[in-house]
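At position 127 of the sequence shown the residue is numbered 127 (our numbering), and the sequence of numbers has no breaks.
Keep in mind the hints are simulated off the structure, nothing from the lab.
Using N, Cα and C, we set each Cβ at its ideal position, and we do this for glycine too.
Pairs of lysine to aspartate or glutamate, EDC-like flavour, derived with a Cα cap of 20 Å:
{"#": "1", "residue 1": "Lys242", "residue 2": "Glu201"}
{"#": "2", "residue 1": "Lys168", "residue 2": "Asp254"}
{"#": "3", "residue 1": "Lys139", "residue 2": "Glu68"}
{"#": "4", "residue 1": "Lys60", "residue 2": "Glu77"}
{"#": "5", "residue 1": "Lys263", "residue 2": "Glu201"}
{"#": "6", "residue 1": "Lys175", "residue 2": "Glu68"}
{"#": "7", "residue 1": "Lys229", "residue 2": "Asp264"}
{"#": "8", "residue 1": "Lys26", "residue 2": "Glu90"}
{"#": "9", "residue 1": "Lys25", "residue 2": "Glu77"}
{"#": "10", "residue 1": "Lys60", "residue 2": "Glu178"}
{"#": "11", "residue 1": "Lys117", "residue 2": "Glu77"}
{"#": "12", "residue 1": "Lys104", "residue 2": "Glu90"}
{"#": "13", "residue 1": "Lys203", "residue 2": "Asp241"}
{"#": "14", "residue 1": "Lys229", "residue 2": "Glu201"}
{"#": "15", "residue 1": "Lys203", "residue 2": "Asp254"}
{"#": "16", "residue 1": "Lys175", "residue 2": "Glu77"}
Across the chosen pairs, the derived CB separations fall in these ranges:
{"#": "17", "residue 1": "Gly230", "residue 2": "Phe87", "range": "32 to 40 Å"}
{"#": "18", "residue 1": "Pro112", "residue 2": "Ile194", "range": "43 to 51 Å"}
{"#": "19", "residue 1": "Ala66", "residue 2": "Gln252", "range": "15 to 23 Å"}
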Amino acid sequence: MLTAAGLLLSAGTAQAATCDDTFVKKGNPVTGLRFIATTTVPNMSMRSAIGQLNGIVAAKGYAILAVEPDGGAMLVEPPPTGKSRPFPIEIAADGAGTVRMEAKLRAGMGIPDAAAKAEMCGILAQLKGGKAGEALAAKGLGATSAPGAPVRMSVLRFSQDITGQADKNNAAVQKRYEGRQFTLYGPVAYVGPIGDSYRVEWKLLSNVLTDLVPGRASAGLSVNCVLAKGQGVYALQLKPDKHVELTGTFDQLDYGLSSVWLKDCRPVK
Numbered sequence: 001m002l003t004a005a006g007l008l009l010s011a012g013t014a015q016a017a018t019c020d021d022t023f024v025k026k027g028n029p030v031t032g033l034r035f036i037a038t039t040t041v042p043n044m045s046m047r048s049a050i051g052q053l054n055g056i057v058a059a060k061g062y063a064i065l066a067v068e069p070d071g072g073a074m075l076v077e078p079p080p081t082g083k084s085r086p087f088p089i090e091i092a093a094d095g096a097g098t099v100r101m102e103a104k105l106r107a108g109m110g111i112p113d114a115a116a117k118a119e120m121c122g123i124l125a126q127l128k129g130g131k132a133g134e135a136l137a138a139k140g141l142g143a144t145s146a147p148g149a150p151v152r153m154s155v156l157r158f159s160q161d162i163t164g165q166a167d168k169n170n171a172a173v174q175k176r177y178e179g180r181q182f183t184l185y186g187p188v189a190y191v192g193p194i195g196d197s198y199r200v201e202w203k204l205l206s207n208v209l210t211d212l213v214p215g216r217a218s219a220g221l222s223v224n225c226v227l228a229k230g231q232g233v234y235a236l237q238l239k240p241d242k243h244v245e246l247t248g249t250f251d252q253l254d255y256g257l258s259s260v261w262l263k264d265c266r267p268v269k
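Could you put the whole structure together from the sequences, leaning on the hints where they help?
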């Protein structure tokens with residue numbers, strides 16, 4: 001009887017395990033930290049889990065790189081801040097309602113354990129089973145990431161960051177930044193017509209200090225900003241070497257032509 005009671009107690013304890021209980025940290029800051037969180041939601045299919053998560057992380061502004069509802073898989077990244085490098089978070093769901101999130105930080109990066117746990121378990125805590133979950137999944141699968149506030153940085157750093165990322169996987173760059181807004185500043189290299197608007201290309205002026213920043217690539221991609229309609233008067237007064245600060249939306253990376261394009265650009269006043 002005591003043995004049977006012990007087994008029942010163990011089973012009850014396992015069922016009561018929370019996301020906080022499953023949270024683990026692996027690795028180290030030198031080689032790269034990994035944070036893993038798991039939850040199980042009764043009566044939740046793989047498709048339901050992924051659909052719900054797509055809606056949840058989209059609302060939080062995460063970059064959604066890949067969504068495979070029928071395979072129970074997702075690849076997302078925290079929203080860009082301009083202060084840290086992007087890192088992948090892999091999500092896997094199975095047919096038993098179990099979802100596993102694994103954040104894979106890059107070498108040299110660090111996040112407090114408590115903050116990582118709160119973020120990951122906070123996301124997983126929103127999952128629901130049954131018809132409520134299915135309804136959320138149907139809505140969540142069509143969600144796109146909120147663009148968030150524009151990220152401000154020098155055009156040199158912007159080019160350095162994207163050059164380094166594109167050299168590793170240029171297909172991911174488009175997914176990572178599509179629809180994101182940036183406020184970039186630096187000296188003008190060229191102003192010219194394009195279609196019914198004008199484009200501004202910046203000069204990428206580097207020096208010993210900027211080239212020595214650890215983990216940052218050299219600026220290999222030119223950066224072009226296509227001005228929004230109604231900016232002709234502004235464009236025709238620009239000259240080479242004039243310092244400009246423009247806010248625009250990431251449009252495309254042309255890796256073959258070593259250039260990146262923003263659209264709907266407007267000067268910061």
